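Go by the hints and put chains E, L and D onto chain H.
There are 4 protein chains.
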Amino acid sequence: MDHAPGYTTDKAAVLSRLKRVEGQVRGLQRMVSDDTYCIDVLTQVSAATRALESVALLLLEDHLAHCVADAARRGGPEADAKLQEAIAAISRLVKS
Amino acid sequence: MDHAPGYTTDKAAVLSRLKRVEGQVRGLQRMVSDDTYCIDVLTQVSAATRALESVALLLLEDHLAHCVADAARRGGPEADAKLQEAIAAISRLVKS
Amino acid sequence: MDHAPGYTTDKAAVLSRLKRVEGQVRGLQRMVSDDTYCIDVLTQVSAATRALESVALLLLEDHLAHCVADAARRGGPEADAKLQEAIAAISRLVKS
Amino acid sequence: MDHAPGYTTDKAAVLSRLKRVEGQVRGLQRMVSDDTYCIDVLTQVSAATRALESVALLLLEDHLAHCVADAARRGGPEADAKLQEAIAAISRLVKS
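Protein chains in written order, with my numbering: chain H, 469 to 564; chain E, 469 to 564; chain L, 469 to 564; chain D, 469 to 564.
In isolation and in its complexed conformation, chain H is listed as follows (with noise of 0.2 Å):
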């Protein structure tokens, strides 16, 4: 089925993935109301926005592997419209 969404492969890795850094954010609120030192919470946010990160390599690299690379083997401007999402959804991951 072409159609399905190209995560869905890994759809138990990202599920996974994303269930850990839940437990991250819930480590953070335990940690300021237990008035963890703020640098050591702050180690935690940025482990946790690492964390994040990954889960959206891991999403775009599906991405990439299937829907952008189906539509350039269809060519077309398909083809053109999938690269041009992928690179906007590339850029917001940069500056974010």
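Worth flagging that the hints you see were computed from the coordinates, not collected in a lab. These numbers come from a predicted model, not from an experiment. A couple of the hints might just be wrong.
Just so you know, same-sequence chains aren't split out, so a pair can sit in one copy or run between any two.
Within a straight-line C-alpha distance of at most 16 Å, the following computed EDC-like cross-link-like pairs (lysine to aspartate or glutamate) qualify [unchecked claim]:
hint : residue 1 : residue 2
1    : K487      : E521
2    : K563      : D502
3    : K479      : D502
4    : K563      : E521
5    : K479      : D503
6    : K487      : D508
7    : K479      : E546
8    : K563      : D478
9    : K479      : D548
10   : K487      : D538
11   : K563      : E490
12   : K487      : E553
For chains E, L and D alone, kept in the frame of chain H given last:
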């Protein structure tokens, strides 16, 4: 009490933002489970990343306003140590 | 010629942006030599960083549109290798 | 002289790093002119971006150690204004 962690003042604001990030990360899990289009998932990952960065900036502001400024007023080697520690945390944020 | 580097199309645009970044970096040297206020220098460093990121996105767009899309059309192990290579480059951009 | 810009101490170090970034950006122009493979150009763009970030962190460290710390010691509304200004600059760095 000048030894209280710097973020105490805005503790409620920090906790409320972290709660919101937790909601965004749970929303991301639903999107992936529901086979939402990759690019839309990526847009939400970027939003959650930016929300975490704004938590970091809020924590950092309180830390500079309290811990680092208090140490600067007392002077001596501790002032320099606090500054180095803050710069290392900022460096991790800039690179994450 | 499908072996020509992908960015050839926008070579002039890329070169003109890099020339502009070079000008920004020389401007930064003048600002520092002239003891310009730190915060104003930092604002210009952020502008130069964003300009470099936009060069990277332009290069990446051409690379995906040409090298990666060509490899996807040919298929086989090279398509996967090109994709992994592009993802590694995107990962370095997201983390820098 | 407490009015001298904070980065005066490390002015030579900042200038030498900026000179090096300028060299990297000129090297990028040569790479593009010579049709160097895109991915290799992107690797060098990431290196130049990280070099600019390290200049920013050096400037920020001096600024916090001098301007912001001096203002903290004097206290009053100026201390808060200097802190807000620094946080805004850090925010631009984190987001660029």
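Structure-based check of each hint:
Taking the shortest Cα distances, K487 and E521 sit within 16 Å of each other inside one copy (14 Å), while across copies they are farther apart (19 Å). With identical chains, the CA atoms of K563 and D502 are never at most 16 Å apart, being 32 Å at best within one copy and 27 Å at best between copies. For a Cα distance limit of 16 Å, the shortest separation of K479 from D502 across copies, 10 Å, qualifies, whereas the shortest one inside one copy, 35 Å, does not. In this assembly of identical chains, K563 and E521 lie within 16 Å of each other by CA distance both inside one copy and across copies; the values are 12 Å within and 8 Å between.
For the identical chains of this complex, K479 and D503 are inter-copy neighbours only, at 9 Å across copies versus 36 Å inside a copy, given an alpha-carbon limit of 16 Å. Taking the shortest alpha-carbon separations for K487 and D508, neither the intra-copy value of 22 Å nor the inter-copy value of 19 Å comes in at or below 16 Å. In this assembly of identical chains, K479 and E546 lie within 16 Å of each other by CA distance neither inside one copy nor across copies; the values are 25 Å within and 25 Å between. When the C-alpha separation of K563 and D478 is checked against a cutoff of 16 Å, the pair qualifies neither within a copy, at 25 Å, nor between copies, at 22 Å.
For the homomeric pair K479 and D548, neither the shortest alpha-carbon distance inside one copy (26 Å) nor that between copies (19 Å) is at most 16 Å. Proximity of K487 and D538 under a CA criterion of 16 Å is satisfied in neither setting, with 30 Å inside one chain copy and 36 Å between copies. Taking the shortest Cα distances, K563 and E490 never come within 16 Å of each other, neither inside one copy (23 Å) nor across copies (21 Å). Taking the shortest alpha-carbon separations for K487 and E553, neither the intra-copy value of 27 Å nor the inter-copy value of 28 Å comes in at or below 16 Å.
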